[in-house]
Amino acid sequence: MTDARNLPSRDLSEKRLKQRHAAEARFKLYGQLAIVIALGFLVVLLARVVQQGYTVFWTHSITTSVYLDPARIDRADLEGNNFDYLAAQNLLKRLKVQDDALGLASGEAMDLVSRDLGYRILGAIKDDPKVIGTTLTFTVPVKANADLYYKGEIERSTPETDRKLSNRQLDWLDRLEAEGLVRSHFNSDFFTNSDSTEPEQAGVLGAVVGSALMLLVAAFIAVPVGVLAAVWLEEFAPRGRLSGFIEVNINNLAAVPSIVYGLLGLVLFINWLGFPRSAPLTGGLVLALMSLPTIIIATRAALKAVPPSIREAALGMGASRTQTVFHHVLPQAAPGVMTGIILSLAHALGETAPLLMIGMVAFTPGLPESLASAASVLPVQVFIWENAAEAAFHERTAGAIIVLLVFMILMNATAVILRRRFEKRW
Amino acid sequence: MAAEGNPLPHDTQLRPPAVAAHTPVANAGVKIHCQGVSAFYGDKQALHDISIDIPDRAVTAFIGPSGCGKSTFLRCINRMNDTIPGARVTGRIEIDGEDVNARSVDPVVLRSRVGMVFQKPNPFPKSIFENVAYGPRIHGLANGKAELEAIVEASLKKAGLWDEVSDRLHQSGSSLSGGQQQRLVIARAIAVQPRVILMDEPCSALDPIATARIEELIDELRRQYCIVIVTHSMAQAARVSQRTAFFHLGQLVEQGSTEDIFTNPREKRTQDYITGRFG
Numbered sequence: 000m001t002d003a004r005n006l007p008s009r010d011l012s013e014k015r016l017k018q019r020h021a022a023e024a025r026f027k028l029y030g031q032l033a034i035v036i037a038l039g040f041l042v043v044l045l046a047r048v049v050q051q052g053y054t055v056f057w058t059h060s061i062t063t064s065v066y067l068d069p070a071r072i073d074r075a076d077l078e079g080n081n082f083d084y085l086a087a088q089n090l091l092k093r094l095k096v097q098d099d100a101l102g103l104a105s106g107e108a109m110d111l112v113s114r115d116l117g118y119r120i121l122g123a124i125k126d127d128p129k130v131i132g133t134t135l136t137f138t139v140p141v142k143a144n145a146d147l148y149y150k151g152e153i154e155r156s157t158p159e160t161d162r163k164l165s166n167r168q169l170d171w172l173d174r175l176e177a178e179g180l181v182r183s184h185f186n187s188d189f190f191t192n193s194d195s196t197e198p199e200q201a202g203v204l205g206a207v208v209g210s211a212l213m214l215l216v217a218a219f220i221a222v223p224v225g226v227l228a229a230v231w232l233e234e235f236a237p238r239g240r241l242s243g244f245i246e247v248n249i250n251n252l253a254a255v256p257s258i259v260y261g262l263l264g265l266v267l268f269i270n271w272l273g274f275p276r277s278a279p280l281t282g283g284l285v286l287a288l289m290s291l292p293t294i295i296i297a298t299r300a301a302l303k304a305v306p307p308s309i310r311e312a313a314l315g316m317g318a319s320r321t322q323t324v325f326h327h328v329l330p331q332a333a334p335g336v337m338t339g340i341i342l343s344l345a346h347a348l349g350e351t352a353p354l355l356m357i358g359m360v361a362f363t364p365g366l367p368e369s370l371a372s373a374a375s376v377l378p379v380q381v382f383i384w385e386n387a388a389e390a391a392f393h394e395r396t397a398g399a400i401i402v403l404l405v406f407m408i409l410m411n412a413t414a415v416i417l418r419r420r421f422e423k424r425w
Numbered sequence: 000m001a002a003e004g005n006p007l008p009h010d011t012q013l014r015p016p017a018v019a020a021h022t023p024v025a026n027a028g029v030k031i032h033c034q035g036v037s038a039f040y041g042d043k044q045a046l047h048d049i050s051i052d053i054p055d056r057a058v059t060a061f062i063g064p065s066g067c068g069k070s071t072f073l074r075c076i077n078r079m080n081d082t083i084p085g086a087r088v089t090g091r092i093e094i095d096g097e098d099v100n101a102r103s104v105d106p107v108v109l110r111s112r113v114g115m116v117f118q119k120p121n122p123f124p125k126s127i128f129e130n131v132a133y134g135p136r137i138h139g140l141a142n143g144k145a146e147l148e149a150i151v152e153a154s155l156k157k158a159g160l161w162d163e164v165s166d167r168l169h170q171s172g173s174s175l176s177g178g179q180q181q182r183l184v185i186a187r188a189i190a191v192q193p194r195v196i197l198m199d200e201p202c203s204a205l206d207p208i209a210t211a212r213i214e215e216l217i218d219e220l221r222r223q224y225c226i227v228i229v230t231h232s233m234a235q236a237a238r239v240s241q242r243t244a245f246f247h248l249g250q251l252v253e254q255g256s257t258e259d260i261f262t263n264p265r266e267k268r269t270q271d272y273i274t275g276r277f278g
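Note that the protein sequences, when read in sequence, are chains U and P.
Per numbering that gives the first Met the number 0, the very first residue in the first sequence carries number 0; after that it's consecutive.
Per numbering that gives the first Met the number 0, the very first residue in the second sequence carries number 0; after that it's consecutive.
Worth flagging that the hints you see were computed from the coordinates, not collected in a lab.
Each residue gets a CB set at the ideal place from its N, CA and C atoms; glycine is no exception.
Some clues are possibly wrong.
Claimed, not checked - Quick list of simulated restraints, FRET-style, between CB atoms:
#1 P:204 / U:272: 54 to 64 Å
#2 P:263 / U:320: 12 to 22 Å
#3 P:218 / U:411: 28 to 38 Å
#4 P:105 / U:307: 20 to 30 Å
#5 P:259 / U:231: 46 to 56 Å
#6 P:103 / U:254: 46 to 56 Å
Looking at chain U on its own, in the form it has when it is part of the complex (with noise of 0.2 Å):
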């Protein structure tokens, strides 16, 4: 204070300082700021998708009996029979309505029940003829737009030109409803059924399976062959010309776009080599392809991670470098090997567009039988369920949506579980 000298300067670092304080409040703001955005965009995500799909999860079932008229059945030609016609005409009869001449009324009952019945009653016959005759009772699943009405997404508010259920059905729906035929009760359909043509009898079963499938048929390639090519670079490759370029592709490789692989899987397995189509199989491969090179960075990285002085504690000891590599450092390394396999593998369960390039956009109604017969898949299946006219798939969408979310929850709390567990071990 008394040396005029050192004035200027302390009020040079005190304004300095207050810079310095001002600028680290600043970027712990931005740091708060960008969290808040990217937690805003997952939860708007998350919101709209529960939003949307969180009704596939119940549904409407009617409970319907059928009088089996011998003289409107051809015993002859079962197959042929309309069943479906003749349990609407036992429905309208229930409602006590009176079919007109064109059997409108009929066609319209038709559209309330879903088409399961008819396929219900056509089994039954088949199983044993003496039913023929009697009156069964049959409940089913109601059709997706009679479902979308329960569910208050078709409002009688709307004009009757549209609505996808005239004013008609909406009387029947509502009548049946009060007589306590139609009951609302868990979606079991939509996890045991595969994809079909009808919105109300579609799930998401076969792409799970398929989906299984193909990231089995992944997982048993690219693992073994990923975690033994990073070994080998990390832990025996001379470092040297071949091992900078071999290494400078493999991150190459990682960002290549995966529809590259999709086309690279298309060319070679399916034209080349002549695998199936649309098949698990073919799908794994691709799939394995894109996942490799994240595999071998992943697994590099933590191999890198071991110290080296394990290594040496190993090959002072006498032990060969193979015996070094997977007594110690593989074992060390195995948490992080873990993590960069499962997040690869949840990667590619997410994959959709290497899949369309291989054909696996075919509509699947069933199970695949094998590894080489045509699947779907769950990404694809949301795929295939937007692009679908019927606004009863648009929920099955969100909901198939929310079944894949749930699985890359899953395999992601496996990553992490699996690397609390070994990490803890020692």
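Chain U is fixed; fit chain P onto it per the hints.
Just chain P, lined up with the frame of chain U:
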């Protein structure tokens, strides 16, 4: 660095008589015989023409400033330098008259005969038992579980660790304290019944009490093994070793009995170093 002016002529003048003077003395119990050993990392020469005889059942200390090549030389003896890309060793190193660099010698077998203890305690991230059992297991030294357990117990006893860990053999080796870890590593090394134990600054990461225990242990082990220890602590070299070799700039400046080196060094550089004038 007063001595740096003409290290080479000085050295070449002196070494032949020095070796000649020592060889007969140590000959009775020479364990490791080194002749003209040079080591290179790529183009850089880390060791210049080292010749030394290391006696059996005694502790030989390598001292010298950082980067003088003493650790490099230590690693030549069990061929740990093989694991470093670009490292090359010339010259002759014999253990019990057998050339370690001979083509017929498998480094894996060599390292089972020449145990090594490193600067930082580096137990395997496995149980205490597994740490000690690993060597006998990979070299097939134990017939059955009982024998293996006996080896583990004997090794831990030799390393003076048994009483502290006998009730928790299956706990992780890294749960031990630094000094205990280092003794565990020594137990691991002697479990394969080596002929030579190399120690690369074994106490530099330890506190004085743990250091004292390790030094006691080294003193006990010297009755059975040929021990070579690299150390930065002159006091430690004076305490534990019978013979001392002083390295500087990749050259072996002086070697002799520890007493002679510390009380009556022939070389000015040695004197400067042990009196703390450089290093």
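Evaluation of the provided hints:
| no. | hint | verdict |
| --- | --- | --- |
| 1 | P:204 / U:272: 54 to 64 Å | 57 Å, holds |
| 2 | P:263 / U:320: 12 to 22 Å | 46 Å, violated |
| 3 | P:218 / U:411: 28 to 38 Å | 55 Å, violated |
| 4 | P:105 / U:307: 20 to 30 Å | 22 Å, holds |
| 5 | P:259 / U:231: 46 to 56 Å | 52 Å, holds |
| 6 | P:103 / U:254: 46 to 56 Å | 49 Å, holds |
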